[in-house]
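Assemble the whole structure, with the sequences as input and the hints as a guide.
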Amino acid sequence: MIALPVTVFSAVASVIGARAESRRLAAGARSGILIVFGLFTLALALILYAFFTRDFSVKIVAEHASRELSAVYLLSALYAGKAGSVFLWGWLISLFSALLVFQKRDNHQQVLPYAIAILAIIEAFYLFLVTYGVNIFARQPSPPVDGFGLNPLLQNLGMLIHPPLLYLGFAGFAVVFALVMATFITRSTDMWRNNLIRRWTIFAWCTLGIGNILGMWWSYNELGWGGYWAWDPVENAGLMPWLLGTAFLHSISMRRQRDYLHTWSFCLIIFTYVFTLLSPFITHGGIESPLHGFYGSPFPPYILAVMMVVVAASFTLLYLRRQDLKGKQKPASLISREGAFLLTNIILVVLVFIILAGTVLPRVIEALGGAKIALDRSFYDRICGPIMLILVFLMGVCPLFGWGKSIWKSAGRNIIFFFLAVIVIDAAILISGIGNWYIAAVILCGLPLFIIFREWYRGTAARHRSTGKNYLRAFFSLINSNRARYGGFLAHIGIVLVALGIIVSSFYGIERTATLDIGESMSAGNYKLSYSELIFKQDDVKVSAVASILVSENEKSVGIMRPSYAYWFSHDDFFAEVAVRTTAAEDLFVSLVWTGFDPEDRSATFRVLVNPLIVWIWVGGAFFLIGGAVSFCTREKQLSGDKE
Amino acid sequence: MRKRYFIGGGILLVAVIYLLYLSFGSSVSYYVTVSEFFDRGTELYDTDIRVAGKISAPVNWNAEGLDLAFTITEGGDDMAVVYRGAKPAGFKEGTDILIEGKYQSDGIFQASQLILKCPSKYESVVIE
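In order, the protein sequence lines correspond to chains A and B.
The first sequence begins at 249 in our numbering and counts up one residue at a time.
The second sequence begins at 1205 in our numbering and counts up one residue at a time.
Worth flagging that the hints you see were computed from the coordinates, not collected in a lab.
Glycine residues also receive a C-beta, built at the ideal position from the N, C-alpha and C atoms.
In silico DSBU-like links for lysine-lysine, alpha-carbon gap of 35 Å or less:
#  : chain 1 : residue 1 : chain 2 : residue 2
1  : A       : 776       : B       : 1296
2  : A       : 804       : A       : 776
3  : B       : 1258      : B       : 1296
4  : B       : 1296      : A       : 785
5  : A       : 307       : B       : 1258
6  : A       : 307       : A       : 790
7  : A       : 790       : B       : 1258
8  : A       : 785       : A       : 804
9  : A       : 785       : A       : 307
10 : B       : 1296      : B       : 1306
11 : B       : 1296      : A       : 307
12 : B       : 1296      : A       : 790
13 : A       : 776       : A       : 790
14 : A       : 785       : B       : 1258
15 : B       : 1258      : B       : 1306
Just a few of them, taken from the derived set where beta-carbon distance is under 8 Å, the chain B residues facing chain A:
#  : residue
16 : 1223
17 : 1224
18 : 1234
19 : 1267
20 : 1270
21 : 1293
22 : 1294
Here it is, written out as structure tokens:
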């Protein structure tokens, strides 16, 4: 059962190699892709079968699953291991290539075969990794009675969805990359106006963004430290391709309107794709990460090599096609919409550059024989915070600009005064010392929200007047009339909500730690927490201590919270399960960080956090999803008519 | 037109590098292992620093006062550490740890932050 797929795999890898050369035989290539997808799926099914039957003679099953592990988490056990995660990623790419094969070919017949060939080469790389790098079907020489089990921290809903979403995003960008490269090979520049690239980009961008936010959610709810972002190399690796993807998304939506910046968008997608490879490079041990575990897998050198090949090949192509890249239009005024888009693009790239420097530079210095240095997170907070605020500001200004016109012509005088007012108020707050950066930042965040709602209100009101529809219907038909634009607005609202949540919770949060005996209480903000009992429970996998805490807010009882602390036999260690009470205004986060498991002395140490507005970070994620979906559903007709 | 872009790009690049330089200088902390620390004599006393080592006995955790006292060891050298705050999850003997703080002249390292490395057993933690 095990040997079969391996041989099939190597056969497939060679088939792909042959196919890439005969890509002009388009039909053969297409069926090749489908066969690869079929085999990949078969292999996936076999692996999953091994997991579900708990066949511990297969190495990755023995390492990541156990008899007690519930069926749902068997799925996440698949991608808990290096080989498994790369395998899943490769499978997604093969799925997407198969989807491309079924794409309507009427207007893409030149481009698609090339895109498919590029994807086939990428697939071959993944196949190589999971067969020759680390054989996913490797056997355990002496099958254990029970598997090692999945780390308890990973047994969480967020962790079930977060990695596949990231891989969906990464694989999606591979498709976008292949499509863009194909347009350059075939010189079919009209592809840029096409919905295909746009849709894949939105899809990849959206899944990657939500994947990152779910990672934050998991870290917040499961890791017990009450934070959601630590600027860890692994997190940075998920963020950087998303930021570059954001820049690319904006550059293609600008290209629909304006015919320039070809080289720029081309470079952006190359680097977006290369940065998606950076993530496995880092997690597989290329760069040491303190928060996430790591271990030496044989992948990093291969991944690094592929990154270099991709960069070299892409830029060679760029050089060969340099005549095609000359823009036909002259850049317009900087204070116009394309000026703002351009600025956004540059700032995003600068941001990525800084994060990359912070992630890689300490290791480079160390490798060159310099001192061992570590960056603390204040580096990122101090430098990225202000830059992200500039982005929020641009998001506010942007809808006011017209294409190619300066703001003075397109926006009303009064709105400009409003802008100046915000800037003056912010400056006054900072200079006078009444407030601080955070208050200034919150006011700034209000700006894009206000502008978006104003745009919506005006559009809705105009429709209401002209069509006589009621306001609600007028609003929906407005969104419907230009889904690309209004989907973008929805995503912007999401960004602002996330920004608000981050700013307010990181500045106005309260943290208290105390050791309490039964009957004692502690306070945090407006909350009073009374520790009333501690119960010990034991099952097959763990012994846990569950505390009951009566919570009252402003003297009014609001309920009982039950954080717990457990000893897991399989891992010979303690894990905390936090309790969180969420309201729109703030989260009360209680973590039981220590207890002696002594029936005589039930004292326990609690860490309590009050995190204001944190729920809006997750709500913001939902807006991404809706905005992405609305924008994804734009019809091609609408795009070409989009002169907004 | 081209010239304007170059000038703009140049200014931007300089600004970014300057900003990077500023924040790098203030956020960067050197880290040494326990034996490297002592090899330097008293040079690194009373400076903000990170020290890497393995947690070793004795570990004294006083829940009442939220005091954690332990020793870290590396390359045959030991260093006594005290930390005020809750004992972090996964804190136990044999785990690799990075401590941040100051080595006082009384011979005790006052840690302001503890960063635990996932021990090899949790290799499966990584999944992203």
